[in-house]
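Chains as they are written, first to last, in this note's numbering: chain P, 1 to 113; chain W, 114 to 226.
It should be emphasised that the hints constitute simulated quantities derived from the structure, not laboratory data.
Certain hints may be false.
Short, incomplete list of chain P residues facing chain W, as computed with Cβ under 7 angstroms [claimed, not checked]:
(1) A79
(2) G83
(3) S105
In silico negatives: residues of chain P with every beta carbon more than 12 angstroms from chain W [said to hold, decoys possible]:
(4) V13
(5) S26
(6) Q38
(7) Q45
(8) V62
(9) H72
(10) S74
(11) A91
(12) D92
(13) R108
(14) L110
Small disclaimer: the values here were computed from a predicted structure and weren't measured.
Backbone N, C-alpha and C fix where the C-beta goes; we use that ideal spot for every residue, glycine too.
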Amino acid sequence: GESVGLHLPTLSVQEGDNSIINCAYSNSASDYFIWYKQESGKGPQFIIDIRSNMDKRQGQRVTVLLNKTVKHLSLQIAATQPGDSAVYFCADAVGDSSYKLIFGSGTRLLVRP
Amino acid sequence: DGGITQSPKYLFRKEGQNVTLSCEQNLNHDAMYWYRQDPGQGLRLIYYSQIVNDFQKGDIAEGYSVSREKKESFPLTVTSAQKNPTAFYLCASRSPQANEKLFFGSGTQLSVL
């Protein structure tokens, strides 16, 4: 079956360093991928998304890389700040009209001052 | 302000009791979703609705019920048949113009007394 998972449950980085959060997916038919940030006790917030016809997309301080060959997705955060501390989820959209996003278990990012 | 409003923020359920979680959106979105989040885990889909007066079961619909009588509202009832209801419940909506991106509410924490 399809699944979306993360390699590391917790990532600790020094403030100012770059962060890389990884995600693996299993459904080769997935054509849409998205990253969310969730702070404690709050709903997830959209960070960035990418379609399968692209391999890289950049936003403000964030970059998403997609490697369809190995079914791998990563989120890069440049110059990590204390406000980036949160749980990050990747998700992929099932490729049918229901548009159901399938979420991974998340990676907690801790930023050390 | 446009957005998704979930209420209450915290809810307690007694044994054998049904409780209803509210979700209202003023984004004029057609599709709405309910997810359940357990500690340290990702989001699991309970129910979703693509249009008014229509809804479909997600991956963990047992013990839950929904209605979609108005475009703006998608209430979730946690019935007494749900034996492990303690979780963080998230409502989301989606606009066709936003592709598969979901906009989330701030969540309701349900606990059992």
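Here's how the hints hold up against the structure:
Checking A79(P) against chain W by beta carbon gives a least distance of about 25 angstroms; that is not within 7 angstroms, so the hint is violated. The closest approach between the C-beta of G83(P) and any C-beta of chain W is roughly 18 angstroms, which is over the 7 angstroms cut-off, so the hint fails. Evaluation of the S105(P) hint against chain W yields a held restraint, the C-beta minimum of about 5 angstroms falling below 7 angstroms. Distance check for V13(P) against chain W: the nearest CB is about 20 angstroms away, which clears 12 angstroms, and the non-interface claim stands.
The beta carbon of S26(P) sits about 14 angstroms from the closest Cβ of chain W, which is more than 12 angstroms, so the claim that it is off the interface holds. The claim that Q38(P) lies off the interface is violated: its Cβ sits roughly 9 angstroms from the closest Cβ of chain W, which falls inside the 12 angstroms cut-off. Not every beta carbon of chain W lies more than 12 angstroms from that of Q45(P), the smallest distance being close to 7 angstroms; the non-interface claim is violated. Non-interface status of V62(P) relative to chain W is upheld: no Cβ of that chain comes within 12 angstroms, the nearest being about 15 angstroms off.
Every Cβ of chain W is farther than 12 angstroms from the Cβ of H72(P); the closest lies at roughly 17 angstroms, confirming the non-interface assignment. Its beta-carbon lying about 17 angstroms from the closest one in chain W, S74(P) satisfies the requirement of being farther than 12 angstroms from that chain. Non-interface call for A91(P) relative to chain W: violated, since the shortest CB-CB distance, roughly 8 angstroms, does not exceed 12 angstroms. With 12 angstroms as the threshold on Cβ separation, the claim that D92(P) sits away from chain W is violated: the shortest Cβ distance comes to roughly 9 angstroms.
Its beta-carbon lying about 9 angstroms from the closest one in chain W, R108(P) breaks the requirement of being farther than 12 angstroms from that chain. For L110(P), the requirement that its beta carbon stay farther than 12 angstroms from each beta carbon of chain W is met, with the minimum near 15 angstroms.
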